Each structure stands twice: as structure tokens, then as C-alpha cells.
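J.: Letter by letter, the chains look like this.
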Amino acid sequence: MTEPRWRTWFPGFSSFRARVFWSVVPVVVSFLVFQGWMNVREHRRLVTKEFEKRGLALASNLSFASELGVFSEDARLLEAAMRGTLRNPDVSYVLIHSRAGRVLARGGQSGTSGTPPGDAQGDRPSARQVERGGQRFLEFVSPIVSEGSQTPDEVLLGARVRPKGEEAREEVIGAATVGLSLAGVEAQVRSLATLWGGITAAFLIVSAAVLYGFSLGITKPIKQLTQQAQKIAAGGLQQQIAVRSRDEIGSLAAAFNHMTGSLRVSMNEKERAFSELAELNRTLEDRIRQRTVELEEKSRQLAAASRHKSDFLANVSHELRTPMNAILGFNEMILDQVYGDISDELRRPLSDIQQSGRHLLRLISDVLDLSKIEAGRMDLVLGEYSVLDTVTAVRVSLASLAAEKGLEFVVSTPAEMPLAYGDGRRVTQCLLNLAGNALKFTRQGRVEIAVDLLNEMLRFRVSDTGIGISREQIDKLFTEFQQADATIAREFGGTGLGLSITRKFVEMHEGRVWAESEIGKGSTFFFSIPLHVKGPMTA
Amino acid sequence: MSSKTILYVEDNELNRRIVRDLLKRTSYRLLEAPDGETSLDIVRRERPDLILMDIQLPRLSGIEVTRTLRSEAITANTPIIAITSFALSGDEQRAKEAGATAYMTKPYSPRDLLALIRSLLPESE
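Order-wise, the sequence lines are chains R and W.
For the first sequence, position 228 matches number 228 in the numbering used here, and the numbering has no gaps at all.
One rule links them: number in the numbering used here = place in the second sequence (from 1) + 1000.
It is possible that some hints are incorrect.
Simulated DEER-style distance windows between Cβ atoms [to be verified]:
(1) R:Glu297 / W:Arg1044: 35 to 43 angstroms
(2) R:Pro349 / W:Pro1122: 31 to 39 angstroms
(3) W:Asp1035 / R:Glu516: 49 to 57 angstroms
(4) R:Gln355 / W:Asp1035: 47 to 55 angstroms
List time: in silico EDC-like cross-link candidates among lysine to aspartate or glutamate, alpha-carbon distance up to 20 angstroms [unchecked claim]:
(5) W:Lys1096 / R:Asp379
(6) W:Lys1096 / R:Asp341
(7) W:Lys1096 / W:Asp1112
(8) W:Lys1024 / R:Asp336
(9) W:Lys1096 / W:Glu1072
(10) W:Lys1024 / R:Asp341
Rather than coming from a laboratory, the hints here were simulated on the basis of the structure.
Computed from a prediction, not measured in an experiment: that's the story for all the values here.
Note that the Cβ used here is the ideal one computed from N, Cα and C, for glycine as well.
Let the sequences and hints guide you as you build the complete structure.
T.: Right, here's the structure in full:
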């Protein structure tokens, strides 16, 4: 905001004190000046009026006193009459004219060659201001009147002794002029004006001082308040303003102190709340840190537990193989009559033992594989392998099962196929899983294994004429394996593991597995993998 | 004595008994060793015609024993059948690299094992 122009002219106007000063002083000063002027004027008027009265009286008296002198034209008499008048200090000069205007006598200041009063012809005294020799005078002219039948006694005595009813016979025989100097009056007026000027100046000084003191009394607490507010703004809440006056400023200061007190209290509360909050924060941080440490420890423990689980499963799986080896080995030797002939009745249950044992072994293998996959320790062992050998191996290992169930078991492969690159054992395992399932879920009809090569992609197909699988179940088989695992295992006799392992191995080969099925008509499972996988893959 | 000698290196008594029972009706003479160190002593002393080597052995593993046997002149060409416990763990690969002639995966079929032995070491007529 730009400063208003008047402020640049009156820079002192912005402060409160200056404003008070400048709002009061001109009024007082103009009042005093006006009053002084009025006083002087009135005084001058009164003095002048008094002067006139005196002058008129003097002139009138002189005219009476000089009646005889004029009448007789006796200079001695006239001078005697004038002497009394001239004794008055204000009288500067006296003139007595004859009726013709001749000066009969003069007195007082020299050089006052009075001119005959032109307009003093009336029978009434008059006054006028004249200037003679650079001086101003108030001149009074009074006609000298004589009564026609004046007796010498009358003239001498100055008394009129006249019989009643006798008409006066008045006649103007001359004029008496008295000049009063105005210097005295003017001096008086001047001194009065000077006095008033002095009074005005003194009043001005005193009032300025008083105003200054008064405004100081107002502005000092305001200034204090301002400084206080600045200190409080800077954070010094301990400040207290000394409350001295009982006026508005005093109550403002009191209110200010009260506010400061409240502020102090609320600031203290705020600080306490802050420190409590900070303490809480610290506690919280400590707790979080503690919990984080605990969680990290838990996480480490869990990871270790997961590793231990995998190791445990691997160990269990290994440990299970030794008794399994013994069970299957001894049982097979019994069946092979290493220990002697066996009856036909015994051969049947011994075969069941053998078959269940092999099933159990496969489950153990699946569990081991799965635990390795989950632990991320499953590595493909890459190498060249024959796809036709793979299919043959599967056919050979499942031929007896197909024969037992009386199922037609067909394998259709191209006459020749190039060697593939990948983990042949895992591919064999995948095909074995699918074909094993197909045989398991087919009561009658046929199971077919087929493989073809298209655009460097191997496609394995296992179709059956079994019970079929619904669309939802197929989706579960492949997408919700983890959750559906237990149900599927219960429903289909532990095949869930085989399917999920198959899917995992196929994916490790950068391939995919899918199925088509119709309830009651049968299912077809596919998986396709590259003829040559690119590099070593881990689950 | 014209019968061929087979050494079976295996720490588990039950498994050793399977092979013992299996070979009872054959003309093969069976020697047994419960660990790798013992097997090396027996090999140097008895010079078997075929060795069945379990890979999972305490202390000295079957892989190491196989490697040692292959480095020695008297057993450089002796058929060694490695018996691996993890069917798909890559043990057979390592066994082959160490010098094993063939391998069987545990649990093995005694019938298949005997067939393998016979193919590598025909019984004396």
C-alpha cells in the first residue's frame, strides 16, 4: 500500500501522539488568537469611547470657560481658561478660534497650527480624528456660545440668571478645540495585544506540554503493550505488564495480562500434550521396532521351519524307502518263489501287497517332489532324451494295470522323431501321471497315449472313455490345485498330487497343460512342451 | 572255485539280507561290506567280479568309493552297479560320472536286479 500523499507532507501525523497533538493544538491556538483579537478590539473600542467622552467634556468645559475671554477677546483670560485644560496629560494641544476662524489663543504642543474647524459651526460639540505631523490625534471641537443679553455678572459668575419665560438668545461666538494624542491609547492597545500574544504563546507551550504528557500517559502503555505483544509473539509468555492506570488502557493491560496468562496455561498444556505425544511416539516406535525384530525373527524361524520341513520330508521320504524296499523286495521274492513254492490262494494277497506297496511308493515320491517344488529346490536335469522311449516306458510300466482292468491300451506315435532336449525323466513322470489317472478312472473302453510334433512343440495327449470331469472340476484341477487338493485327493484317490506335479514340471519346461472332458464320455488331457527347452529351469 | 564273487556295499542289514536271499539259489558268492572303508579293504583282498554299491553310505559315500575304485588298476574295469535311493534326484547321473557301470533305483525289484547282474556277469556254467 502506498503512503497517502498527506503523510509525506506531515510525517509526524501517523503516530497517535502526533494525531492528538495536531487535533487539539490548532483549535486551541485559533481560539486564543480569535479571543485575543476580540479582546484587543473591544478594549480599543472602550478606551476610545472613554477618550472621546473625556475629550468632549474637556472641550465643552473649555468652551464654557473661554466664553468670557472670547467675548472680550482678552488673551489673558483665555490662557487662564486653557491652563486648566492643558494640565490634563492626555491633552496635546488647545486652540480657541473666533467666530471668524481666527486663532485667539493656542497652547500645548508647538507646531500645531490648528486649522479652523470647518464643520464645528453647530452648537453641539463634535469629535474627529486628525493627523498632524505624523501623529494621530483625536480632536474635539466645542462651540463657544454666548447669550445675547448677558450681563457682566452672568459672564463673570458663569451662571445664568434669567427670569423665567425669557427666551434664550444664544449666539456662537467661537470654538474651542482640544486635541488628545492617540499614542497613549495605541500604546495601551499594543501592550494589551502583546500581553495576549504572550498569554497565547504561554498557553500554547503549556498546553503542548500537558498534551505531550497526557498523550505520553496514553501512548506509553500502548507502546508497552505493543512491545509486550511482540515479545509474546516471539515466545516470551512470562512477560507481565505493570498495570498502573485505572482507565481503558489499564483494563486493556489487565485483559492483556489475563490473555497472556491463559495463553501461558494453554501453551503449557500444549507443551505437556506435545511431550506426552512425543513420549507416546517413542513408545510406539520402540514397540514397532520390537515387533519388527520379533516378526523378522518369526520370519527367519518360519523360513527355517519351511526349510526344515522340506529337509524333513526328504529325509522321511528317504527313510521310508528302506522299509519299502524291504517290503517290496521280500514280497516279490516270495512271489518269485525264491523261498519255495506258494499256493495260488497265497499268490492273490501277495500280489495285492505288491501293488499297494508300489502305490504307496509313488505317493511318497509325489510328496517328496512336491515338497521340493514348494521349497524351490526342484531343478530340472536337462539333457537329450528320446520321446519315443518315453512313451514306450510309460506303456511298459502301465501295460499290466491296463491288462488287469481289461482296458484297451493304445499308443500312437510317429514312426520317427528327433531327440528332444529337456528333463526326460520328468516328462516321463508327467505322461505316466496322466496315463495312470486315465486308467484309474476308466472302467471299460480304451485309453490312448499319443504324441506329435508341431512347430517345434511336442504335444502329448492322453484320452480315455472314463467317467469324465465337469468343467468346474477341470478348472479346479489346474487353477485351484492348492485348495482343491485335499478334496480331489479324497474324491479320486490321491491323484491330486500327480496332476499338480505334472503341471509344475510342464511349466518348468515352459509348456502348458489342459484338459477336455464330457461327463460320462471320457476325458482328454494334453500337455505341450518345446522340443528343446532353452536352459536350466527351477521351480 | 569257479563261482563269481559279488560284493554288496550297504549299511542296512535288511537290504543286505534281500540280496543274500536273492543270490542264495544262484552260484554267485556274496561278500558284504557295511561301509565304504571296509569295502575298499575287501576289494583289495578278495578282488570281486562285480560290486553292488549303495550311494547313501555313512562317512565315505558310494560315489567317492566308486571314484576310488575306478582309479585303482585292479578294479578299473570291474562292473559296478550303483544303487541310488532318490529315483529322480540326479544321483544316477553322479554315479555314472563317478564311473558306475549301471544303476538301480531303490526300492528296486530283486527280480530286475538279478537280471541286471546276470547281464553284466553271467553265472559260470
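J.: Which hint numbers does the structure go against, in order from smallest to largest?
T.: When the structure is compared with the hints, numbers 1, 4 and 6 turn out to be violated.
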